[in-house]
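Number of protein chains: 2
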Amino acid sequence: MLNKVADIVRGLSADTVEQAGSGHPGMAIGCADIGAALYGEIMNYDPTQPNWPNRDRFILSAGHGSVWLYSFLHLSGYDVSLEDLKRFRQLHSKTPGHPEYGHTSGVETTTGPLGQGFANAVGMAISEKMLAERYNTKEYEIIDHYTYTLLGDGCMMEGVTSEAASLAGHLGLDKLIAIYDSNDISIGGNVDITFTESVPDRFKAYDWHVIDEVDGHDIASIKEAIAEAKEVTDKPTLIIANTHIAYGAPTKQDSNSAHGAPLGKEELTGLKENFGLPTDKEFYVSNEVREFFATRQEKLQKIRQDWEDRFTKWAKANPELKTQWDQAHNLELPNDLERVVADIELDTPLATRKASGSILRKIADQVPYLVGGSADLAPSNKTYLDKYEEIQKESFSGRNFRFGVREHAMGAIANGISLHGGVRPFTATFLVFSDYMRPAIRMAALMKQPSIYVFTHDSIYIGEDGPTHQPVEHVESLRLIPNLEVIRPADEEETKAAWLEAMKRQDGPTALILTRQNLPHLKKDKKINMDKGGYVVQEGNDPQVVLMASGSEVSLAVEVAEKLDVETRVVSIPDRNKFIAQGQDYIKEVLGEDTFRVALEAGVGQGWYQLLGDKHHLVSVEDFGASGSGEKVGKYFGFVAEEITEQIINRL
Amino acid sequence: MLNKVADIVRGLSADTVEQAGSGHPGMAIGCADIGAALYGEIMNYDPTQPNWPNRDRFILSAGHGSVWLYSFLHLSGYDVSLEDLKRFRQLHSKTPGHPEYGHTSGVETTTGPLGQGFANAVGMAISEKMLAERYNTKEYEIIDHYTYTLLGDGCMMEGVTSEAASLAGHLGLDKLIAIYDSNDISIGGNVDITFTESVPDRFKAYDWHVIDEVDGHDIASIKEAIAEAKEVTDKPTLIIANTHIAYGAPTKQDSNSAHGAPLGKEELTGLKENFGLPTDKEFYVSNEVREFFATRQEKLQKIRQDWEDRFTKWAKANPELKTQWDQAHNLELPNDLERVVADIELDTPLATRKASGSILRKIADQVPYLVGGSADLAPSNKTYLDKYEEIQKESFSGRNFRFGVREHAMGAIANGISLHGGVRPFTATFLVFSDYMRPAIRMAALMKQPSIYVFTHDSIYIGEDGPTHQPVEHVESLRLIPNLEVIRPADEEETKAAWLEAMKRQDGPTALILTRQNLPHLKKDKKINMDKGGYVVQEGNDPQVVLMASGSEVSLAVEVAEKLDVETRVVSIPDRNKFIAQGQDYIKEVLGEDTFRVALEAGVGQGWYQLLGDKHHLVSVEDFGASGSGEKVGKYFGFVAEEITEQIINRL
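Here the protein sequences come in this chain order: A and B.
Sequence positions in the first sequence follow UniProt numbering and run 1 to 652.
Sequence positions in the second sequence follow UniProt numbering and run 1 to 652.
Note that these hints are calculated values from the structure, not bench results.
Fair warning: this is a prediction, and the values are worked out from it, not measured in the lab.
Check the hints yourself; a few may be wrong.
Pairs count within a copy or across copies, as identical chains cannot be separated in the list.
Said to hold, decoys possible - Heads up, simulated DSSO-like pairs for lysine-lysine below, C-alpha to C-alpha not over 27 Å straight-line: (1) K265 with K523; (2) K615 with K588; (3) K86 with K635; (4) K532 with K615; (5) K316 with K265; (6) K86 with K632; (7) K281 with K299; (8) K448 with K632; (9) K563 with K635; (10) K523 with K588; (11) K578 with K615; (12) K635 with K448; (13) K362 with K302; (14) K632 with K265; (15) K532 with K448; (16) K524 with K138; (17) K86 with K265; (18) K635 with K523.
Could you put the whole structure together from the sequences, leaning on the hints where they help?
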């Protein structure tokens, strides 16, 4: 029967791509047997309850094979109809070119940028272990699921996959089962033109269990391999499935021409003939296959219902755990979090990274589902939660991650952790290395995941480590990513407000941009207004000049204001995008109407022009930094109150 | 004797960090023996001719150990004095916190961002093979050198290292010798908290020759391992040297406290005592060691002089090759390149990626030292040079690279190729995946390397592949990187000008931003002015409105201008940073003084505000894209001439 399922999917996928006029039929046809085994027999899921917490997770890391996924979601009973398949790759359809989380029921993560889906799967497998250790009791096992991912040669070549695989092996994620669609074909041609390493040996080196040379077109072999994987209880498993791209297409099988374009009429007919599918029908699903999935759905619903019963009993027996579970799954915050944070006593002057460390530790006490760590920079990022254990192999009740020097995987794993539900992740590195994880930050923003990024060492002021470690363009370039909230606090109080803002945010990621160096406490005429992104720090009396800045430059602006003998206002704009989003009324209220506007930023200043207007002065860093003491480097780039004061006077 | 060299370096490095008050003594002390073997005996170099083309290359991938490198450069006779060491990490000294290419004699590449130095080394080893195949004759071998790199645990964990190692194994780079400083310590603590994979097995899987368990403090063993590596002629070699961080420090040996901070007075004295160094002297170099390096320098100069003689004979015997050699090393362009490019016949409408493909192929015919390739997207990026062979194992005379789906390594390898000299690289991928290689782009810009990036599929107009593949923030975020020239041409003629500009540029990288979709040929009132970044396409008669745009939006601007019933000028700004750099006079000449300024960009528009002034209108994409036909997605985001025309009329 599963063979028939696979054949139907081959026809369905090929028809779908043909009708759309674009897409990737080769992988969908080649992996149909693997999908039949997973969706037709192995995986636990309930299409009527796609968010059932204990479902098996499936991630199509090779996201370009979306039509494969949509075909199986359709057959399995998810909310993807034949009509949806017919609208494949059309604007606002449920079947976009790559699978999009939050857009299509049954899609666990957005994939397409290669390797990241695999790393998401690692994150989900970590979440499973964390939740199991936190919530399962002797009597009731409420979390116990597998995470499956399907990846191709492209994913295998990406560095993020290597990073994530190494960490998965280190953590012994035995309930992670990765299936490698080894079809030897990528866009450029045969993979042996560039990819001749031994994948099995590489994964064994990462401490994975590897099942090699599985016939990816033999469903019994696939099932057997997955059964073997489940027997392994101390390692993740990689199943290497040998497949043929566009399996069964008369001339395009094993050809890169089948990778990313429709087969064409003739090939399509030939394919259908080869599998005994009616050649005169499009989008054909046999009654037999329909009935098979109807029966399966009943069985799956029963499994899910049994779980619900177990969960109810568990909840009754463990009310405290149940409360925690709900809070974690809804990302609830304690009512008194603001007060608790306000009460944290902090010395000044203080580096905002240090303020952040103290605040984070306090918040972590209040929010038990917050977990995270750094890419080997915890002592510098101040992100280690001393009171809590580490997450390590066979010990997932802790709260501290050791991501290693693997920034890209860190970001993508955090996305997987967040997508799984039940845990909220934060990650950390030097701001300059946000570039290494930028592709994952983008995906968090696109998927509206509330990851928190702690980026410390935020400017040329880090000093001696020099231009490779001094971010210059990074704050501005993070501000460009849609739906990423970027907050650069100016002192320890603003750092408190920034953390609260990050914690409250549920519909997207937040980057906290923090200093290495000490900053003085700012005396403020008005209350910090993080909700509006910026606010008046020092009023000035009918000011002629307005100085605006974020982060460490706000205290410099205060210095400049003191030196200027015209009435000057100082404005702190920790979250510029949010400030701009308030609209012209608020902007004018804060910046004044006919003021001479000055912006200070120890980085590329491009984005400030939107607030500067015609009469303005911008002090920024438009070149790479230099190695030297932070103070001297700052001076070299003109961040000196006297100098800036003089410039302003000259311009007035 | 080499043991004495190592001991001197331990004292010198520790003193240097101590005096600076910051730095990384642990690695410098732990790897002193490895350095003594390399600089004291194994490597060929000539400190008086640091750019000698056939020198062995050494790359300190673990760039934080800069003091180690500076100590050896000092002893070897490079232009690094004791005074320079005493100014370690001070502004404008020759000894910045991380090694900086172009700043300190003997530093082959800028390192610090982990993993990239290793990938640079792979690029240099590739260059060596390319030059050897191109220039060596039966009689004269003028290129025949090794590339050495030293990397630590941090480098080992980074994905870029995995990508580059896989490719190095594939290409069989036998003259690449990587030494892994395996000291088990990183910033976070013992590496076994996060890094437990089998590095030797992993590298064997990449088809490397691995020499494991070498005692990194036994110089004889190190030399033996390197000799073994040289015997292997079909694979790169990884030597795993077991070392102790801060070897010989009384209490800080094997501790992460020695990684990134001075040892402190007491430890320093203890260290010196342990190695029989005078404890009352700082920056001590024994006469014996001085004399050793003086003798060695004579010997090395002799080797270099022999090479010069050989080179002169080779040049005499092969005048044509010598001309090519000079052109390649000076990045000379043929005089008639502009004419040749101008004469390329191109159909319109045409996607700028396709125009680029035709232009690139023509330029490649004219510029034999231009080589490159794509990260598995050659058919889409249009970067394959059909007339030339591929670069593959044992065949490096070709010109086409197959980088595989390894964007980050591609960028960093290109940097290595470029730094080596003698070849100029271009690389290619979809614009959205520029994020995957962004850290390497930054390094190219910082090191002023003339890499050329072909980034195609440049906006929401790519259509069906959807938001994961539609760049939105990417053009703007590339424009933020200092010294990166970003050119987004508007039609096939501008694409010619863009390629010429990229080829002429020698002091930094250039990103060409190209469309997937067809663009019409633009009728131009004025000549394309790529030198100034922007120019008038359609004059208008005393215009009231100025429409400015880059790339595909310029033809949309022309459409809008046709619909507006006020006098309108259309300006194309393919290189916005360069346009702005012309200053206000030119900007006002092109944009007019009291015009209503409108900018169109199918991406985040933040950077246009600098040109918009008070009266303005911006049409941009401030959110992620959507899957659908390019035309429909464009419409959905408001890129419709009628709509924009109406908006402008309403604003006027």
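> Which holds for K265 with K523 at a C-alpha limit of 27 Å: within a copy, between copies, both or neither?
Replying inline: neither (73 Å within a copy, 40 Å between copies)
> Which holds for K86 with K265 at a C-alpha limit of 27 Å: within a copy, between copies, both or neither?
Replying inline: within (16 Å within a copy, 74 Å between copies)
>> One pair to classify: K578 and K615, alpha carbons no more than 27 Å apart. Within, between, both, or neither?
In response: For K578 and K615, both the intra-copy (23 Å) and inter-copy (23 Å) Cα distances are at most 27 Å.
> With identical chains treated as interchangeable, where does the CA-CA distance between K523 and K588 reach 27 Å or less: within a copy, between copies, both, or neither?
Replying inline: For K523 and K588, the Cα distance is within 27 Å only inside one copy (22 Å; across copies 42 Å).
> How would you label the pair K86, K632 (within, between, both, or neither) given a Cα cut-off of 27 Å?
Replying inline: between (63 Å within a copy, 17 Å between copies)
> How would you classify K635 and K448 at a CA-CA limit of 27 Å: within, between, both, or neither?
Replying inline: between (40 Å within a copy, 24 Å between copies)
> How would you label the pair K632, K265 (within, between, both, or neither) given a Cα cut-off of 27 Å?
Replying inline: Answer is between; shortest inter-copy Cα gap is 26 Å, intra-copy 69 Å.
> For K563 vs K635, is the C-alpha pair at or below 27 Å within one copy, between two copies, both, or neither?
Replying inline: within (17 Å within a copy, 52 Å between copies)
>> At most 27 Å between CA atoms: does that hold for K532 and K448 within a copy, between copies, both, or neither?
In response: within (20 Å within a copy, 40 Å between copies)
>> At most 27 Å between alpha carbons: which applies to K532 and K615, within, between, both or neither?
In response: both (24 Å within a copy, 25 Å between copies)
> How would you label the pair K316, K265 (within, between, both, or neither) given a Cα cut-off of 27 Å?
Replying inline: Classified as neither: same-chain Cα gap 59 Å, cross-chain 62 Å, threshold 27 Å.
>> Within a copy, between copies, both or neither: which one fits K635 and K523 at a CA-CA cutoff of 27 Å?
In response: within (24 Å within a copy, 49 Å between copies)
Hint violations for this structure: numbers 1, 5, 7, 13 and 16, all remaining hints satisfied.
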